[in-house]
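Visitor: As a plain string of letters, each chain reads:
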Amino acid sequence: MSVLEKQIITEIKAMRKAVPDSAWKAKNRELLYNQISSTVNAEKGGIKYFINSNLFVQYLRTIPQSTMVAVFIFVFLAGGSVVSLRASENAVPGDSFYIAKIMSEKTQQALTFDEKNKALLGLEFAGKRVQEINQVLAQSEISEKNEKQVEKLVDNFKKEIKTAKTRIEKINQNKIAETEKLAENNLPAAEEDPKENEAAENEPAGGVFSANAEKDENGIQVYDSAALDSSKPLANAAADSAAVEDTSSTTEKIIAISASADDPQEILKKAGACLNSDDIDATLSLIDEAGEIIEKVGVEQAVDNNEEGGEATDADAVVKDKAEEGASSTENVQSE
Amino acid sequence: MSSQINEKIIYLRLRQKDKEAFIRAYDNYVDDIYRFIYFKVGKKEDAEDITSLVFLKSWDYIQNNRLSDYKTLKSFFYKVARNAVIDHYRKTSGQENLSLDREDNVIDIADEKADIEKNINLQIDYEQLLKAMTALKSEYREVIMLHYINELSIKEIAEILEKDRGNVRVLIFRAINALKKIVAS
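Chains as they are written, first to last, in the numbering used here: chain A, 1 to 336; chain B, 1 to 185.
Careful: at least some of the hints might be erroneous.
As the list claims (entries may be wrong) - Below 25 Å or equal to it, Euclidean Cα-Cα: the simulated BS3-like pairs (lysine-lysine) are: (1) Lys165(A) to Lys137(B); (2) Lys170(A) to Lys17(B); (3) Lys163(B) to Lys13(A); (4) Lys27(A) to Lys79(B); (5) Lys106(A) to Lys137(B); (6) Lys17(A) to Lys180(B); (7) Lys131(B) to Lys25(A); (8) Lys6(A) to Lys137(B); (9) Lys79(B) to Lys25(A); (10) Lys25(A) to Lys180(B); (11) Lys19(B) to Lys13(A); (12) Lys145(A) to Lys165(A).
Think of the hints as simulated: they come from the structure by calculation, not from any bench.
As the structure is a computational prediction, the values presented were derived from the model and not from experiment.
My request is simple: use the sequences and hints to build the entire structure.
Guide: Okay, structure coming up:
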């Protein structure tokens with residue numbers, strides 16, 4: 001009889017092949033989307049709201065005990081407990097804590113639902129990459145391991161800002177679409193951020209101008225902070241990043257740019273501020289700027305020669321050349 | 001495992017009435033819900049209509065914060081679907097009809113059947129099985145469909161039918177036996 005039973009079950013399972021008509025499915029999806037879009041979403045999502053609401057407590061109660069245990073073990077193993085997280089804050093590639101640091105970053109981003117906040121986090125992480133580059137370079141021995149680390153970090157940095165940029169552009173497009181829609185319905189424009197007015201007063205008019213203003217500031221800043229001689233011509237090159245010409249060279253090594261490397265972080269912080277005040281253009285151009293500076297870090301002549309500014313500038317151009325190649329090959333970065 | 005995490009994330013976002021998450025939930029569940037409804041009502045148009053209704057209703061529930069009544073997304077959608085089918089029957093006052101429409105049969109089970117017959121020497125044929133299922137008690141039929149066609153776990157079925165797991169296991173066992181008896185006779 002069990003053979004019969006198996007056959008029955010097989011036959012029944014064959015009925016699984018039933019699927020809805022794909023045309024109908026798509027049409028229905030559209031209909032549904034329109035229907036739900038008309039219901040105004042009063043409450044904003046986001047992990048902060050969620051944690052503060054009663055839902056969170058209720059949710060905690062619904063999590064089975066076994067899952068809780070698994071989560072705690074995971075957290076413990078990842079070294080992600082609050083105390084050791086601080087220790088991992090200073091981790092660089094090669095440290096065992098670095099993996100934990102990256103994982104916690106990614107988790108944080110995954111749990112952030114608001115696109116804007118995600119982009120802000122992305123900028124923050126990019127800034128951290130800069131910090132890590134500094135730390136690695138600060139290590140007295142310039143070895144092959146360090147080179148690889150810096151390469152990796154530069155890569156990660158580029159990825160972060162690329163993701164952040166894509167997100168920001170997406171937000172921008174969504175905002176434009178939303179404002180258009182609302183304009184159609186004769187409703188007041190989408191939430192005006194009160195910060196926006198404030199920021200507009202503080203910054204000179206126009207996104208482009210503000211980016212330049214920052215640049216000058218940074219130029220001065222770099223001059224004040226005494227560092228290796230090589231950092232000065234490099235900083236100058238950074239200020240005129242847009243005008244650097246392409247030349248060709250083939251050698252690759254690391255240079256120490258210590259003080260001037262602070263600039264990208266400052267720039268990223270300002271980009272974050274611009275994003276908060278919804279000044280999309282300024283944010284994007286600031287990000288680009290920071291990216292250009294970092295790209296110069298990756299390539300240069302032999303370490304011995306890093307005192308000479310001339311060679312530094314040549315190599316910088318090479319880096320920028322390479323970096324632009326990489327950046328221009330467009331990829332679709334999935335944000336989520 | 002990751003799909004469970006995805007489901008939980010979507011569930012949490014739906015608790016916050018996230019529209020994007022709802023559309024994603026639609027994409028994930030529309031096939032299953034449609035199949036579930038189709039095998040209960042037997043007609044393609046009815047199944048399509050009821051499926052649309054189910055998703056609209058569930059969005060309503062979400063807007064009214066009723067999602068918290070349900071622990072998981074799956075149980076939520078299936079319960080809404082189940083209730084929608086019951087309402088449909090109350091209105092049409094018809095019997096649960098398992099027959100597949102011959103005329104507008106979208107489902108290409110014929111091919112599948114041919115494949116199966118090639119591989120296994122069937123002692124029963126498809127039509128026979130269909131008739132047997134119709135003759136089955138509706139409770140048995142439902143639990144067989146949920147378990148074998150919709151591929152829900154015992155735990156999930158228990159939640160949807162509001163019974164306990166042992167109960168569900170026994171039901172499935174008895175249902176298969178009953179089906180065997182009908183087919184064998």
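Visitor: All hints are to be evaluated individually against the structure, with a verdict given for each.
Guide: To see whether the hints hold, each was checked on the structure:
no. : hint                   : in the structure
1   : Lys165(A) to Lys137(B) : violated, 59 Å
2   : Lys170(A) to Lys17(B)  : holds, 21 Å
3   : Lys163(B) to Lys13(A)  : holds, 24 Å
4   : Lys27(A) to Lys79(B)   : holds, 24 Å
5   : Lys106(A) to Lys137(B) : violated, 51 Å
6   : Lys17(A) to Lys180(B)  : holds, 22 Å
7   : Lys131(B) to Lys25(A)  : violated, 29 Å
8   : Lys6(A) to Lys137(B)   : holds, 20 Å
9   : Lys79(B) to Lys25(A)   : holds, 21 Å
10  : Lys25(A) to Lys180(B)  : violated, 36 Å
11  : Lys19(B) to Lys13(A)   : violated, 34 Å
12  : Lys145(A) to Lys165(A) : violated, 30 Å
In terms of the numbered hints stated before, the structure departs from hints 1, 5, 7, 10, 11 and 12, listed from lowest to highest.
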